[in-house]
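For the protein sequence lines, the chains are A and B, in the order given.
The first sequence runs 5 to 384 under this note's numbering.
The second sequence runs 5 to 384 under this note's numbering.
Treat the hints with caution; some may be incorrect.
What the hints assert, rightly or not - Which residues of chain B face chain A? A few of them, derived with a C-beta cut under 7 Å, are:
| no. | residue |
| --- | --- |
| 1 | ASP88 |
| 2 | ASN114 |
| 3 | GLU116 |
| 4 | HIS118 |
| 5 | ASN120 |
| 6 | ARG283 |
| 7 | GLY316 |
| 8 | ASN317 |
| 9 | VAL318 |
| 10 | VAL319 |
| 11 | GLU321 |
As the list claims (entries may be wrong) - With a Cα cut of at most 20 Å, we get these calculated EDC-like pairs of lysine to aspartate or glutamate:
| no. | chain 1 | residue 1 | chain 2 | residue 2 |
| --- | --- | --- | --- | --- |
| 12 | B | LYS84 | A | GLU314 |
| 13 | A | LYS92 | B | ASP264 |
| 14 | A | LYS92 | B | GLU276 |
| 15 | A | LYS301 | B | GLU116 |
| 16 | A | LYS84 | B | ASP282 |
| 17 | B | LYS346 | B | ASP371 |
| 18 | A | LYS92 | B | GLU323 |
| 19 | A | LYS92 | B | GLU321 |
| 20 | B | LYS92 | A | GLU307 |
| 21 | A | LYS275 | B | GLU116 |
Worth flagging that the hints you see were computed from the coordinates, not collected in a lab.
Even for Gly, the Cβ is constructed at its ideal location relative to N, Cα and C.
Number of protein chains: 2
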Amino acid sequence: MKFVIQRDQLMESVQHVMKAISSRTTIPILTGMKLEVSEAGLKLTGSDSDISIESFIPAEEDGLVYVENIEPGSIVLQAKYFPDIVRKLPQNTVEILTDDHRNVTIRSGNAEFHLNGQDAEEYPQLPKLHTEDSFELPIDLLKELIRQTVFAVSSSETRPILTGVNVKIQDGELHFIATDSHRLASRKLPLQESGGSLAFDNVVIPGKSLTELNKILSDSDDTIEINVTDNQILFRTKHLYFLSRLLDGNYPETSRLIPDESKTIVKMDTKELLQSIDRASLLARENRNNVVRLITKGGNQIEINGNSPEVGNVVEEVEAASIEGEELKISFSAKYMMDALKAVGTDQVKVEFTGAMRPFLIRPIEDEQILQLILPVRTY
Amino acid sequence: MKFVIQRDQLMESVQHVMKAISSRTTIPILTGMKLEVSEAGLKLTGSDSDISIESFIPAEEDGLVYVENIEPGSIVLQAKYFPDIVRKLPQNTVEILTDDHRNVTIRSGNAEFHLNGQDAEEYPQLPKLHTEDSFELPIDLLKELIRQTVFAVSSSETRPILTGVNVKIQDGELHFIATDSHRLASRKLPLQESGGSLAFDNVVIPGKSLTELNKILSDSDDTIEINVTDNQILFRTKHLYFLSRLLDGNYPETSRLIPDESKTIVKMDTKELLQSIDRASLLARENRNNVVRLITKGGNQIEINGNSPEVGNVVEEVEAASIEGEELKISFSAKYMMDALKAVGTDQVKVEFTGAMRPFLIRPIEDEQILQLILPVRTY
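Next up, chain A with everything else stripped away, as it sits in the complex (with noise of 0.2 Å):
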């Protein structure tokens, strides 16, 4: 194997790769990162056995030229130490070739690394799908759907069902769920006409893994195209390749969770309820749920309180652009409030309130789409 490439290419393509790469696996070439040069371009390949990721270079795209010198060959390197030798490389044109015994040489100006690289025969076939049915989505949008509901799923793996995304396609939109029982996120998206079938009605897909592809994504309107089997979820874009295991089991139906009715409906800035939140929460660290206080006064003005015995208290009065219903005092986590504010996005938000024992609802004030549920805690 023998190829020179630039290193700025490479480097990028390392990076991505490196996010499915873990030191704790229990297979021991998945440590490593498999290198594949052929005439049309460099493959780099990453496993934890539960993310896949592909990187393509190609060896030349719209006129000019990423991998030249090419011949043909395979090798695994040791992850630990090959992003820090790229990245540390003293010229931008770098030179891998191998020996007959697998011995890795990487060349760049007067500097020079050998490697003991291993059999790439022994790293793992990645699944090939074998469907025809996908869809696409522009990057941006994936993302947005990824930031919106993440977060929520559960860190905990009593029920690890719940430490997933429920991705589902129901009546022409794409539906994305997350929860950990104490919260939910939730977010819509109407689906273009597809001309076939979808690919899928209803997976769970890790929420690390969507972590992992958001951070490699960047922002741009360029499509990504889904495919979906049985148990494996594949988000390919022109250069990259992202493979996914699903969970096993079924997602619990989470719509009956949302009340369909409100007795107290709050509409106000966004980020003025998410800073006095954030302040409230200040002092109340220390009970270790992080409960903040809300409560309805007259003339649009609600109170938001954190308490801390040992330490002291804080209240803020905060000028809501309205408030309809019912008078309310309700007490819930500041860290999913602040959570949820943040994944709305918008300028104002609408929280609705059902009582202080019942799930609250917030969401952009004239978008159906986004939707954030928290359950409060009982302190009345």
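Since the structure of chain A is already known, use the hints to place chain B on it.
Chain B only, in chain A's frame:
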């Protein structure tokens, strides 16, 4: 106690004073921050008994009003919460007041915090230094002296005296020395003619104190005043008072460690040498000392290499500006060498060797004031 203050000024002072406050102190009241307000302004104090810091915000300076509506008084606030509270206040104007029961109210915009304060009378009095002897330095220069030496103090308590920087005044020069017995960093500075006798001739300042002082001081050609007594040193700027204890005991005489002749002299570009050692160290991490090797070659070339049998090796030839004297193969800690090269800070550097087993010197080509010494590692 009562006053109104600008948040940004308060925040800056709080951050300075926090550098002295530790949550792990054995004296409970020292987990707090003392606030004392008089007609002159607000003084904040923090201390972990090794370091004490006072920061003063004048009521008025250069025609600008920083503190107003003053009712003199003092209180101690829990330092765990106070900085976050100040940072997150909604407005730039902050009112702080106490009642007779040491309840503290912090008010800004519509937000109101109530904290339990502690009696300022219980806060230890900082020692006042009784000395007329002091000298002044530009802040920039003091920061440079610290930066060029403090990294070389010992991190081990085996010989506590080596955890400090030895500061001497000798032959009209100020001299900073630090060593952990494997390497030594030394910086001299000619002092201006001073009127009276100088304040001290030989003290040892804890490395941690100098590191914190360096963080607090911003680059400036203003001067800082330095006072020393038997067991304390005081650094004083216009609004900052930084007091540190001194280390007890005699600092070893280090001058005999410095070879007065050399057998091989290499002059070269500092950054090129630094970067090639950085690359070589990538594959030298496995052996815990992170040892790299330097070999002189013909024609002004030096070879830098690093080797980690399990993983591989790296070798690089770098062109020196000149190599004089005997041929040499020598091994040393990559970390120590990189620290020393960064401290020297000039574009070109001179490295003087006296054989593979003797300490070697790194310094600027035309400057005897900065000197870095490293003991080689025995590998041949």
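| task | Report the numbers of all earlier hints that the structure fails to satisfy, in ascending order. | result | 13
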